[in-house]
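K.L.:
Chains as they are written, first to last, in the working numbering: chain A, 1 to 224; chain B, 1 to 91; chain C, 1 to 583.
Think of the hints as simulated: they come from the structure by calculation, not from any bench.
Note that the structure is predicted; figures quoted are calculated from it, not measured.
Don't take every hint at face value.
Calculated Cβ distances over 12 Å to all of chain C for the following chain A residues [to be verified]:
#1 G14
#2 M39
#3 F41
#4 A47
#5 S69
#6 A106
#7 L123
#8 H127
#9 A128
#10 A144
According to the in silico footprint, chain A covers these stretches of chain C (three or more CB under 8 Å from chain A) [to be verified]:
#11 120-130
#12 209-220
#13 237-244
Every residue gets a Cβ at the ideal spot worked out from N, C-alpha and C, and that includes glycine.
Here is what each chain is made of, one letter per residue.
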Amino acid sequence: MGADARPQFRMTHGRQVEYGLGVYSGKLGMWVFLCSEVMFFTALIGAYIILRWGSSQAWPDPTKVLNISLTAFNTFLLICSSVSMVKAYAAVSHGDQRGLRLWLLATVAGGAAFVGVQVYEYLHLIHAGVLPSGFREGGEIMEALTRAGLPTGGHELFGAAFFTMTGFHGFHVSCGVLCMIWVTVKAFRGHYTQAHHEGIEVIGLYWHFVDLVWIILFTIVYLF
Amino acid sequence: MTTVEKKHPPYMLVWLWLAALTIIEVWAAQAGLTRRILIPILILLAVWKAALVAIYFMHLKFEPRRFLLVVLAPLPLAVILVVAVLQEWGK
Amino acid sequence: MTASTPTAHGPAGHADHHAEPSFLRKYVFSTDHKVIAIQFLFYSLFFLLVGGALAMLIRWQLGFPGQPMPGAGVLGDDAAPGGVIAPKFYIGLVTMHATYMIFFAVMPLLVGTFANYLIPLKIGAPDMAFPRLNMWSFWLMIPAGVLALAGLVVEGGSAAAGWTAYAPLANSPDYTGVTGGQVLWCLSIAVFAASSLLGSVNYITTIINMRAPGMVWFRLPLSVWALFITAILAILAVPILAGAVIMLLFDQILHTHFYLPAVGGQPLLWQHLFWFFGHPEVYILILPAMGIVSEIIANGSRKPIFGYHTMVYAICGIAFLGWMVWGHHMFQSGMNPILGTSFMVSTVLIAVPTAIKVFNWMGTMWRGRLWLHTPMLNAIAFVAMFVIGGLSGIFMASTPVDMYIHDTYFIVAHIHYVLFGGSLFAIFAGIYFWFPKMFGRMMNERLGKLHFWTTFVAYNATFFPMHLLGIAGHMRRIYDPNAYQFLQPLQPLNTFISVSAFALFAAQLPFIVNFFWSLFRGRPAGMNPWRDNGLEWTVPSPPPHGNFAHTPRVLHGPYEFSHPDTVEDFLPQDQPLPARPGA
């Protein structure tokens with residue numbers, strides 16, 4: 001499959017153009033946007049890595065502060081919604097309108113549930129005294145760690161990084177859910193056909209990306 | 001699955017892999033391994049899962065080779081930034 | 001995204017079978033890249049004026065320290081009690097001058113105006129890949145600009161930590177005395193970042209996917225190559241700024257401590273993140289200028305650009321190396337010396353592709369039949385001034401030398417030689433060159449030359465002496481140099497610089513007059529007043545919606561000037577090369 005096999009031109013909107021990378025504009029544009037999102041999360045996650053591993057203090061063990069089981073389940077939920085997204089895409093590329101609609105609804109449900117669990121987790125943590133400014137003195141978590149003789153150094157930075165990283169990820173998921181609702185409405189109106197369903201693929205890419213970031217975030221924030 | 005113009009990757013199989021890898025990750029984190037062993041394992045598992053999502057769900061396996069250049073461009077930059085700045089606090 | 005109707009539109013665009021759009025749709029909420037470009041043009045020129053006005057206030061204080069400024073009454077008693085500029089207002093001026101110039105003037109001019117205007121036209125496309133996203137990219141600049149200007153009028157004054165907003169200075173009102181202003185600064189930068197990203201997605205996708213048949217990569221004009229590489233730099237660098245600024249904002253309003261050392265935050269983290277963005281940023285500010293200059297120098301020399309392929313590789317080389325030099329802004333931060341050395345080496349290396357470009361511009365002009373129109377004068381000035389700016393950069397690249405000149409006026413001289421001597425002269429060149437295409441009218445050549453020469457002289461008188469100030473140890477951003485005994489003998493030089501700066505500001509008047517007068521009364525331009533080869537000169541001035549009646553077929557590169565076998569001394573890209581006689 002050498003370069004010679006590549007055609008010289010493509011057709012787009014009734015016009016002939018140079019072949020380019022052989023990827024239609026919507027998909028190319030979304031991938032370029034996702035590259036910028038990689039850099040954005042690099043800044044946030046990189047800051048966390050740098051603050052934590054550059055710190056001389058012993059940071060709190062995330063497994064003692066955060067609810068690992070709940071978040072592991074949430075991770076699984078998001079992965080499932082990624083699967084339902086890809087099933088929706090497979091359905092419409094086979095001309096299965098019913099499958100498209102059902103799988104899109106499942107994706108919306110999975111995404112909304114993920115956000116819901118995150119909100120619940122945030123409320124619980126804040127109640128237990130974990131804030132962006134650090135662990136509150138006299139709060140449940142701070143007390144538990146101190147009583148067990150576990151390290152609490154750097155807790156201010158832990159709180160700051162935790163809420164910023166997961167918060168922006170959650171914001172991206174929420175925007176994704178809103179867009180997904182809009183796409184689902186269009187799907188119910190018969191907007192996407194077997195011949196033209198670029199919109200499904202493009203929003204799918206965003207959705208999978210959000211899942212991918214979470215896979216990295218979950219590991220770095222919750223498990224290390 | 002019936003044969004169509006486009007060949008679809010085994011989505012359900014990938015899903016099972018992702019679920020399995022997640023379970024292994026969570027178990028490893030709570031198994032009390034020393035950090036020296038734990039951290040490389042977790043990184044490996046996370047990268048493996050991310051790669052599965054990118055290659056199969058995001059269809060990178062089926063895109064033109066040149067297109068991968070676009071997708072992979074930010075990664076070396078991310079590594080350079082984090083590694084270089086970590087030198088400041090040489091450990 | 002996908003249109004509701006799957007029918008293909010004709011190559012002339014869709015204006016012909018829709019009803020005539022309303023005034024609002026056509027000129028305000030337009031998705032036409034040419035209208036959006038012109039919106040960016042007016043927006044940026046406004047901020048250029050505001051940034052310049054702030055510079056006049058800065059120069060008043062430095063040239064005539066402690067003296068009441070005429071007309072300063074309007075600034076109010078907080079900023080200028082008794083007409084004398086106050087220290088806190090001064091540092092706010094220095095901060096906002098740079099912020100407006102970099103983010104709201106030069107970037108929107110180079111990347112908003114010229115990228116938007118030139119890319120579709122020069123590649124033979126009817127518009128950008130995502131016209132509605134393009135419109136959003138402009139309209140996001142409105143709240144960004146309002147947030148940026150708001151700092152000037154809020155309680156406590158504008159942001160006052162320098163445009164580089166170093167932590168922990170920028171984090172806390174305890175250090176700057178500024179509350180709302182600093183938060184507004186962060187918000188305006190965040191919104192700006194969103195606008196920049198939307199634009200860059202468009203430019204990259206359009207250039208990859210919408211080139212007319214025959215417009216292969218190595219037939220692209222250098223301005224398009226430069227804008228393409230710039231957009232890639234922006235896509236990868238601006239999000240880092242966004243992340244860093246968001247963490248700064250959270251430090252300010254959510255009581256986080258990312259950059260505050262008291263509980264383990266790292267001020268150096270801000271510096272690294274900021275400059276990891278900041279260095280590619282300066283290439284974003286110069287590469288489009290270099291692209292514009294390449295077009296105009298080839299045109300004004302009536303010769304092909306010397307070493308076209310090398311010019312492309314040099315642009316790529318500069319962009320690539322630019323990711324690995326950011327530490328040279330931080331030599332004095334106390335960073336690991338081995339890290340510092342590696343930054344020094346990579347910084348010195350970057351001079352190589354840059355120098356190649358300078359030699360190639362000179363090679364283009366060598367033995368050309370020079371047509372010294374106003375754009376050409378500005379482009380030649382760019383080359384000379386940018387060389388000076390680049391040479392001062394070599395001094396700064398060397399860590400031991402930088403130890404002495406860091407944070408002095410030597411740096412300020414360098415910045416202004418590359419950004420004014422470089423980017424701004426290129427911007428002027430580009431405006432004079434493409435104004436006829438944008439508005440269908442020529443700008444006045446005499447006023448243009450008057451503007452050029454007065455600007456050139458006043459500009460050098462203003463900024464060259466700053467090298468000397470810097471070597472003498474004059475720090476940057478300081479309010480009153482006379483507080484230091486060793487700087488007192490430099491006051492006459494400071495006064496000279498200030499007077500030159502006032503003359504420089506006044507020298508822009510012919511440009512403003514020329515611009516607006518020509519909009520209404522300029523001589524009609526015709527299709528190709530500069531006898532140039534780009535595809536934009538093959539359509540009417542201004543081009544219709546949809547640009548090209550028929551998709552052009554590109555037959556050769558864009559620099560076929562003075563071809564031995566053509567009648568004219570230029571050959572547009574869609575005209576065939578003459579068959580060689582006797583072939």
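K.L.:
If a hint holds in the structure, say so; if it does not, say that too.
P.N.:
Here's how the hints hold up against the structure:
no. : hint    : verdict
1   : G14     : violated, 3 Å
2   : M39     : violated, 4 Å
3   : F41     : violated, 8 Å
4   : A47     : violated, 6 Å
5   : S69     : holds, 27 Å
6   : A106    : holds, 22 Å
7   : L123    : holds, 17 Å
8   : H127    : holds, 18 Å
9   : A128    : holds, 18 Å
10  : A144    : holds, 20 Å
11  : 120-130 : holds (count 4)
12  : 209-220 : holds (count 8)
13  : 237-244 : holds (count 7)
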